[in-house]
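Keeping their order, the protein sequence lines are chains R and X.
In terms of my numbering, the first sequence opens at residue 1 and continues consecutively.
In terms of my numbering, the second sequence opens at residue 1 and continues consecutively.
Since the hints were made in silico from the structure, they are not lab data.
Some clues are possibly wrong.
BS3-like, lysine-lysine: derived pairs with alpha carbons at most 25 Å apart [as the list claims (entries may be wrong)]:
#1 R:Lys55 / X:Lys3
#2 R:Lys185 / X:Lys90
#3 R:Lys66 / R:Lys42
#4 R:Lys128 / R:Lys66
#5 X:Lys123 / R:Lys128
Okay, the calculated bits of chain X under chain R, using three or more residues with CB under 8 Å as the criterion [unchecked claim]:
#6 37–50
#7 93–107
#8 150–157
Where a beta carbon is used, it is the ideal one built from N, C-alpha and C, also for glycine.
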Amino acid sequence: MSIALIVNGTPYQNRFLEEPDFHYLYDEVIHLREMDYYDMSKFETVLLSCRLDIKLLKRYQTRFLKVLEAGKRIIIFGEFPEHAFPSVDWEDSEVDFSWWVRPDGDLPLNQEHADHPLYRYITVPDMKWHYHGTFTPPHGAKSLLDTPEGRSIIYIDNVSFNGELIVTSLDPMFHIGLGFINQSKPFLHGLAKWLREEEQQ
Amino acid sequence: MNKIAYMGIDIHFSRISDLDHRKGLLFLHEYDLPYTDLSVLDGIIITNHIDEYYLLEHETILLSYLEQGGVIFCLAEKSLPWLKQIPEWKRSPIPLKDRELNIESTDNGLFEGVRTADLEYRKGVRGFFSRGYFDNVSSGSKVLITDQSQKTIVYVDRESTNGTIYAGAGTDMYRIYTYEENTANRVGLQMLESIRKEARRIKGGRTHEYCADC
Numbered sequence: 001m002s003i004a005l006i007v008n009g010t011p012y013q014n015r016f017l018e019e020p021d022f023h024y025l026y027d028e029v030i031h032l033r034e035m036d037y038y039d040m041s042k043f044e045t046v047l048l049s050c051r052l053d054i055k056l057l058k059r060y061q062t063r064f065l066k067v068l069e070a071g072k073r074i075i076i077f078g079e080f081p082e083h084a085f086p087s088v089d090w091e092d093s094e095v096d097f098s099w100w101v102r103p104d105g106d107l108p109l110n111q112e113h114a115d116h117p118l119y120r121y122i123t124v125p126d127m128k129w130h131y132h133g134t135f136t137p138p139h140g141a142k143s144l145l146d147t148p149e150g151r152s153i154i155y156i157d158n159v160s161f162n163g164e165l166i167v168t169s170l171d172p173m174f175h176i177g178l179g180f181i182n183q184s185k186p187f188l189h190g191l192a193k194w195l196r197e198e199e200q201q
Numbered sequence: 001m002n003k004i005a006y007m008g009i010d011i012h013f014s015r016i017s018d019l020d021h022r023k024g025l026l027f028l029h030e031y032d033l034p035y036t037d038l039s040v041l042d043g044i045i046i047t048n049h050i051d052e053y054y055l056l057e058h059e060t061i062l063l064s065y066l067e068q069g070g071v072i073f074c075l076a077e078k079s080l081p082w083l084k085q086i087p088e089w090k091r092s093p094i095p096l097k098d099r100e101l102n103i104e105s106t107d108n109g110l111f112e113g114v115r116t117a118d119l120e121y122r123k124g125v126r127g128f129f130s131r132g133y134f135d136n137v138s139s140g141s142k143v144l145i146t147d148q149s150q151k152t153i154v155y156v157d158r159e160s161t162n163g164t165i166y167a168g169a170g171t172d173m174y175r176i177y178t179y180e181e182n183t184a185n186r187v188g189l190q191m192l193e194s195i196r197k198e199a200r201r202i203k204g205g206r207t208h209e210y211c212a213d214c
């Protein structure tokens with residue numbers, strides 16, 4: 001399986017790419033500005049890093065849709081406002097980044113679809129650092145983790161396209177690149193192992 | 001009064017609010033940089049949300065702006081040499097939980113009356129202000145903030161170009177402290193004021209306060 005990682009050349013993305021521990025996550029790195037030069041049909045999975053230019057995302061929306069219509073997988077990380085991708089319904093939320101330093105603090109999140117294979121590689125605590133927004137999954141999509149208000153911070157959509165769209169408001173590449181919030185590493189390792197395990201099946 | 005540009009790629013976290021507009025900021029989409037008249041600005045804040053490869057492809061623009069007396073406040077954790085006058089950012093070996101700040105100097109009012117503890121912590125969490133430092137800042141630079149190993153975190157450089165460079169090693173001190181209920185919430189406005197004072201000094205203009213409705 002070939003995995004492409006789309007980035008935007010930001011300092012934290014550049015430093016994330018310098019992390020050898022995560023090189024196994026992707027086979028090719030593509031700068032979003034250079035999408036025109038790549039044949040995306042050769043990738044089974046395309047990862048859209050968090051913090052990508054919204055105008056460029058919209059410019060290349062049809063290229064990404066073709067990936068999905070070809071039966072491939074796209075994983076979207078981080079904030080995704082302005083319907084930069086059809087079917088993705090982002091809503092801003094207040095960020096609780098300090099819950100873990102408060103006595104008895106918690107970031108309440110409810111596990112959903114615990115039988116999904118991804119849960120063999122990640123746990124709920126792996127996804128609990130903070131989130132900047134939430135999503136309403138399309139009808140038929142499976143949320144893996146919900147806020148108490150019932151909005152999702154990670155869902156899997158196998159119904160809207162021929163392929164699979166995974167959407168999460170978690171932003172691990174950003175935090176790993178910054179070197180801030182190590183909690184994001186187990187989540188990304190779990191996701192990477194799931195992707196790589198799948199290719200061997 | 002001239003505007004100050006807040007430059008980055010167009011993401012959720014680089015967009016500015018109505019309040020920012022009223023403070024005299026405008027968002028400069030980085031990809032518009034080659035088509036923008038920078039001479040009408042009092043300064044440019046360079047965020048950490050920048051496409052460094054694009055800046056490298058257009059590296060003469062910012063240098064030319066500085067040589068013409070421009071003011072840049074850089075908040076990027078630089079990893080590429082798109083403005084060689086600012087050294088690349090280096091990750092500190094000091095764990096975030098142990099990292100301490102020292103305000104060595106103030107400049108044009110920047111950091112005046114600000115407690116270091118208020119910069120170090122946000123709601124009890126440490127690590128927002130700085131996770132790294134600059135090595136080899138230009139000689140003649142004035143160091144404003146260091147960590148406990150005397151590494152430079154914020155400095156101002158009036159020597160290496162005809163303009164002025166303020167640089168901070170890695171946090172958006174304009175944005176993140178806005179709603180803090182302590183002395184850190186002064187820093188954003190102090191940044192804008194220091195940029196404006198510097199622009200006036202360089203241009204030799206008269207001193208007057210920014211007017212949001214002008």
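R:Lys128 and R:Lys66: Cα distance at most 25 Å? violated (32 Å)
Next pair to validate is R:Lys185 with X:Lys90; report whether the Cα-Cα distance is within 25 Å. Holds, because 21 Å separates the two Cα atoms, which is no more than 25 Å.
When you check the alpha-carbon spacing of R:Lys66 and R:Lys42, does it fall within 25 Å? holds (12 Å)
Quick one, are X:Lys123 and R:Lys128 close enough, alpha carbons at most 25 Å? holds (18 Å)
Counting residues of the stretch 93–107 of chain X with a beta carbon closer than 8 Å to any beta carbon of chain R, are there 3 or more? It is violated, with 1 qualifying residues against the three required.
Do three or more residues of the stretch 150–157 of chain X come closer than 8 Å to chain R, measuring C-beta to C-beta? violated (count 0)
Would you check chain R against the stretch 37–50 of chain X, counting CB to CB pairs closer than 8 Å, and say if three or more residues qualify? holds (count 3)
Does the alpha-carbon distance linking R:Lys55 and X:Lys3 stay inside the 25 Å limit? holds (24 Å)
The structure shown violates the earlier hints numbered 4, 7 and 8.
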